[in-house]
Amino acid sequence: MAEEKRKKLSMVVFSGDLDKLFAAFSIATGAAASNMDVTMFFTFWGLRALKKKASTGKSLFGRMLGLMYGGDINRATPSKMSFGGIGRWMFKKMMKAKNVPSLLELRKTAIDLGVKLYGCQMSMDVMEIPKEKMIDEVTECVGVVFFIEQAQQSDVTLFI
Amino acid sequence: MAEEKRKKLSMVVFSGDLDKLFAAFSIATGAAASNMDVTMFFTFWGLRALKKKASTGKSLFGRMLGLMYGGDINRATPSKMSFGGIGRWMFKKMMKAKNVPSLLELRKTAIDLGVKLYGCQMSMDVMEIPKEKMIDEVTECVGVVFFIEQAQQSDVTLFI
Amino acid sequence: MAEEKRKKLSMVVFSGDLDKLFAAFSIATGAAASNMDVTMFFTFWGLRALKKKASTGKSLFGRMLGLMYGGDINRATPSKMSFGGIGRWMFKKMMKAKNVPSLLELRKTAIDLGVKLYGCQMSMDVMEIPKEKMIDEVTECVGVVFFIEQAQQSDVTLFI
Chain A
1 MAEEKRKKLS MVVFSGDLDK LFAAFSIATG AAASNMDVTM FFTFWGLRAL
51 KKKASTGKSL FGRMLGLMYG GDINRATPSK MSFGGIGRWM FKKMMKAKNV
101 PSLLELRKTA IDLGVKLYGC QMSMDVMEIP KEKMIDEVTE CVGVVFFIEQ
151 AQQSDVTLFI
Chain B
1 MAEEKRKKLS MVVFSGDLDK LFAAFSIATG AAASNMDVTM FFTFWGLRAL
51 KKKASTGKSL FGRMLGLMYG GDINRATPSK MSFGGIGRWM FKKMMKAKNV
101 PSLLELRKTA IDLGVKLYGC QMSMDVMEIP KEKMIDEVTE CVGVVFFIEQ
151 AQQSDVTLFI
Chain C
1 MAEEKRKKLS MVVFSGDLDK LFAAFSIATG AAASNMDVTM FFTFWGLRAL
51 KKKASTGKSL FGRMLGLMYG GDINRATPSK MSFGGIGRWM FKKMMKAKNV
101 PSLLELRKTA IDLGVKLYGC QMSMDVMEIP KEKMIDEVTE CVGVVFFIEQ
151 AQQSDVTLFI
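Chains A, B and C supply the protein sequences, listed in that same order. Quick note on numbering: this note's numbering labels position 88 of the first sequence as 88, and the sequence is numbered without any gaps. Quick note on numbering: this note's numbering labels position 135 of the second sequence as 135, and the sequence is numbered without any gaps. Quick note on numbering: this note's numbering labels position 139 of the third sequence as 139, and the sequence is numbered without any gaps.
Treat the hints loosely; a few may be bogus.
When chains are identical, the list treats them as one kind, so a pair holds in a single copy or across two.
To be verified - Cross-link-like lysine-lysine pairs, in silico, PhoX-like; alpha carbons within 20 Å at most:
| hint | residue 1 | residue 2 |
| --- | --- | --- |
| 1 | Lys133 | Lys98 |
| 2 | Lys116 | Lys8 |
| 3 | Lys131 | Lys98 |
Since the hints were derived computationally from the structure, they do not count as laboratory data. Here the structure is a predicted model, which means the values were calculated and not measured.
The shape of chain A in the complex, shown without the other chains (with noise of 0.2 Å):
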């Protein structure tokens, strides 16, 4: 007897922003929900989502980029509005204001509902993450050529 097919979902999550990770974890759960397999594949500033919590590389370079640009999920701010930490706090005072999950209760559920979710083994190297630092909940750490081979079997494909 023919059993349907589950249909499937893979995203690059690029970006590190509070506002796009919000987005991709809220398109992961709704789809892992729908009964969607879902395949997230973090790369760059993306990776940010599954650290453990703040800290780079030793080198001079790991250190710099940690000063522009570190923090785990938490330390996430949006892409408009910065000013100086104000964007991040008035955005999660407003989420919380009208009962929207937080970024990390997303990533949990996302867990839960069996959201597969990887690192970019080539950017960990550039940005000095070792795995350790990472939460525990990665599924592993792969190459480009490993999303190629998830995206080409999916159904919907995004770029976040």
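Position chains B and C relative to chain A; hints supplied.
Frame of chain A; chains B and C shown alone:
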């Protein structure tokens, strides 16, 4: 006799930048003119493309948001070279010199070609934009699961 | 005997930021190496990735645009941490330290692997970039409907 199924394109319009909105509506009208079904799902900053005129909510946060990023489709600035408004002025000037339609004209064409425009209800709640502030041509205000359903049936999916 | 159809990837490259161009070419070369047909459609700021060297048009607007956002692929800066050029310098330094290929090398690899590079004719008109200013490997300068046709036949579509 088998009739060929119309191809479908679904996009999330997250950005409210003039140049990205321009790209989004260009792709949408191009696809609709090529006989595709087109769904645009406007969320976060992208909602400005559906607003009647500059205005956000009445709460402190709504008003701050308005100050920092208010405005309707005519107030959109390019993602680069803002320089206090000169970017928008220059961009429009160049477009006009090359006989490129304005964003307003493009949106009108999209609507005339049957492109469906959806507002993200959650973003509207958070940003305190009531349905009355949106243009009448908005098809419906919906949640992320609605977008997922559309995207699953689509041949082309984009996040802009 | 049925031969399996090659899978196809089409992307719009809208951004001219170093990090996003890097992501775009990484995905493109990864896909081409995985035996996919790859189409890259460069528009707006993304056009810089196809330019021979820094130059825009001769009109006042063309020259202003050149001043504000001129430069070829080597002048691209990351979307974050520009700080007057230090971002680009640091980014390249780190890439090199990790033996990551440069953007120029990645583009060369993409071309060698048969990735098709298209320029958006309308953006070229608006930004006053004549065909002669583009690298010889540009396959063709086309309109948005060409991209739509490619995307319709694609298994993976991305907007970067």
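Checked hints:
1. Lys133 <-> Lys98: between (32 Å within a copy, 19 Å between copies)
2. Lys116 <-> Lys8: Close inside one copy (11 Å), not across copies (24 Å); limit 20 Å.
3. Lys131 <-> Lys98: between (35 Å within a copy, 16 Å between copies)
Comparing the model with each numbered hint stated earlier shows that all of them hold.
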